[in-house]
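Asks: Here's the letter readout for the chains.
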Amino acid sequence: MTNHAHTNCEELLSSLSAYIDGDLGPELCQELEKHLAGCDNCRVVLNTTRRTLDLVHTPLEKTDLPEDVRERLFKRLNLDDYLSQKS
Amino acid sequence: MNKTMSLEISVEALIAGDRAEFARLVDVYSSPIYRLGLRMLGTPQDAEDVLQNTFLNVLTHLSTFEGRSSLSTWFYRIAANEALMLIRKKKPEINLDDAQAGDNDEDLLPTQFTDWSALPEDELLSGEGKKILDTAIQTLPESMRIVFLLRDVEGLSIKETANALNLTETNVKTRLLRARMFLREQLSTYHGERFIREE
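Just so you know, the protein sequences line up as chains A and B, in that order. Mapping of the first sequence onto this note's numbering: position 28 corresponds to residue 28, and the numbering continues sequentially without gaps. Mapping of the second sequence onto this note's numbering: position 54 corresponds to residue 54, and the numbering continues sequentially without gaps.
Hints listed in this document are in silico derivations from the structure and should not be mistaken for laboratory results. Yeah, the Cβ is synthetic: ideal placement off N, Cα and C, and Gly gets one too. Possibly wrong hints are sitting among the right ones.
As the list claims (entries may be wrong) - Negatives, chain B to chain A, calculated, CB over 12 Å:
| hint | residue |
| --- | --- |
| 1 | Ile15 |
| 2 | Glu66 |
| 3 | Asn81 |
| 4 | Met85 |
| 5 | Lys91 |
| 6 | Asn95 |
| 7 | Leu176 |
As the list claims (entries may be wrong) - Selected chain A positions facing chain B (in silico; Cβ < 10 Å):
| hint | residue |
| --- | --- |
| 8 | Leu13 |
| 9 | Ser15 |
| 10 | Asp21 |
| 11 | Gln30 |
| 12 | Lys34 |
| 13 | His35 |
| 14 | Leu36 |
| 15 | Asp40 |
| 16 | Asp54 |
| 17 | Thr63 |
| 18 | Asp64 |
| 19 | Leu83 |
To be verified - Below, a sample of chain A positions facing chain B; criterion: calculated Cβ distance under 8 Å:
| hint | residue |
| --- | --- |
| 20 | Leu28 |
| 21 | Val45 |
| 22 | Asn47 |
| 23 | Thr58 |
| 24 | Gln85 |
Model the full structure from these sequences, guided by the hints.
Replies: As structure tokens, then:
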């Protein structure tokens with residue numbers, strides 16, 4: 001990692017994804033948190049990765065099925081008679 | 001996907017040929033499958049092909065569904081296969097089967113260290129901000145993108161994603177980490193510059 005004073009950032013970075021998901025074992029978790037407390041750059045990487053995932057999860061990102069696509073799909077599946085019964 | 005709704009789908013009724021239940025299944029899964037197709041192939045027409053082929057396949061193979069995985073994982077496996085098959089057909093030069101895809105360590109190394117995470121959401125998702133995010137996702141190599149979409153967009157677990165894509169959990173975790181780091185880097189390049197300008 002550039003501009004980085006620590007030597008183990010790269011190694012700990014590989015645990016970041018599992019840390020975000022809450023899947024990291026307690027020992028590694030503690031090691032990572034200890035490192036994060038003293039490493040500004042890794043903290044920025046954590047904060048901005050979390051924020052990136054927040055943005056991906058926002059409702060704006062959910063594309064609903066266009067009505068004409070649904071209609072063609074139901075017709076292709078011979079389900080025309082259920083077209084009006086949207087769940 | 002609405003998990004409550006998917007739980008209410010009766011596999012027994014589907015296998016018995018209950019068309020009303022199949023229509024309900026279509027409504028539960030069609031949006032996420034269409035979304036997946038759109039993000040993997042990039043055009044509405046291709047996304048529609050993925051969607052239709054997925055359901056036609058589901059209809060053909062319902063009787064063979066053994067319940068070893070959940071209905072949704074089975075469903076995503078069929079949809080992912082359809083999407084990947086269409087990519088192979090359209091872009092034969094892409095190697096989707098490379099187990100090492102995205103395993104280059106250099107992909108992982110961050111170079112942007114501006115903390116833009118406190119910027120308000122409406123600013124981050126403004127017209128241009130959303131475009132940057134969409135473009136960044138579209139720029140991910142296909143083998144990473146499919147993992148990212150199933151895990152982070154559709155919310156499958158690591159295990160479910162591995163099952164749906166026939167990958168090991170370790171491989172899913174590796175690709176996911178690289179995908180997340182790649183997207184973070186892309187967004188940081190854009191938002192970081194804006195953040196510095198506004199300070």
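Asks: All the hints need checking, so say for each whether the structure fits it.
Replies: Status of the hints after comparison with the structure:
{"no.": "1", "hint": "Ile15", "verdict": "holds, 16 Å"}
{"no.": "2", "hint": "Glu66", "verdict": "holds, 23 Å"}
{"no.": "3", "hint": "Asn81", "verdict": "holds, 18 Å"}
{"no.": "4", "hint": "Met85", "verdict": "holds, 18 Å"}
{"no.": "5", "hint": "Lys91", "verdict": "holds, 22 Å"}
{"no.": "6", "hint": "Asn95", "verdict": "holds, 24 Å"}
{"no.": "7", "hint": "Leu176", "verdict": "violated, 6 Å"}
{"no.": "8", "hint": "Leu13", "verdict": "holds, 7 Å"}
{"no.": "9", "hint": "Ser15", "verdict": "holds, 9 Å"}
{"no.": "10", "hint": "Asp21", "verdict": "holds, 8 Å"}
{"no.": "11", "hint": "Gln30", "verdict": "violated, 20 Å"}
{"no.": "12", "hint": "Lys34", "verdict": "violated, 20 Å"}
{"no.": "13", "hint": "His35", "verdict": "violated, 14 Å"}
{"no.": "14", "hint": "Leu36", "verdict": "violated, 13 Å"}
{"no.": "15", "hint": "Asp40", "verdict": "holds, 8 Å"}
{"no.": "16", "hint": "Asp54", "verdict": "holds, 8 Å"}
{"no.": "17", "hint": "Thr63", "verdict": "holds, 5 Å"}
{"no.": "18", "hint": "Asp64", "verdict": "holds, 5 Å"}
{"no.": "19", "hint": "Leu83", "verdict": "holds, 8 Å"}
{"no.": "20", "hint": "Leu28", "verdict": "violated, 13 Å"}
{"no.": "21", "hint": "Val45", "verdict": "holds, 5 Å"}
{"no.": "22", "hint": "Asn47", "verdict": "holds, 4 Å"}
{"no.": "23", "hint": "Thr58", "verdict": "holds, 6 Å"}
{"no.": "24", "hint": "Gln85", "verdict": "holds, 7 Å"}
Figure legend: structure checked against the earlier numbered hints; hints not met, in rising order: 7, 11, 12, 13, 14 and 20.
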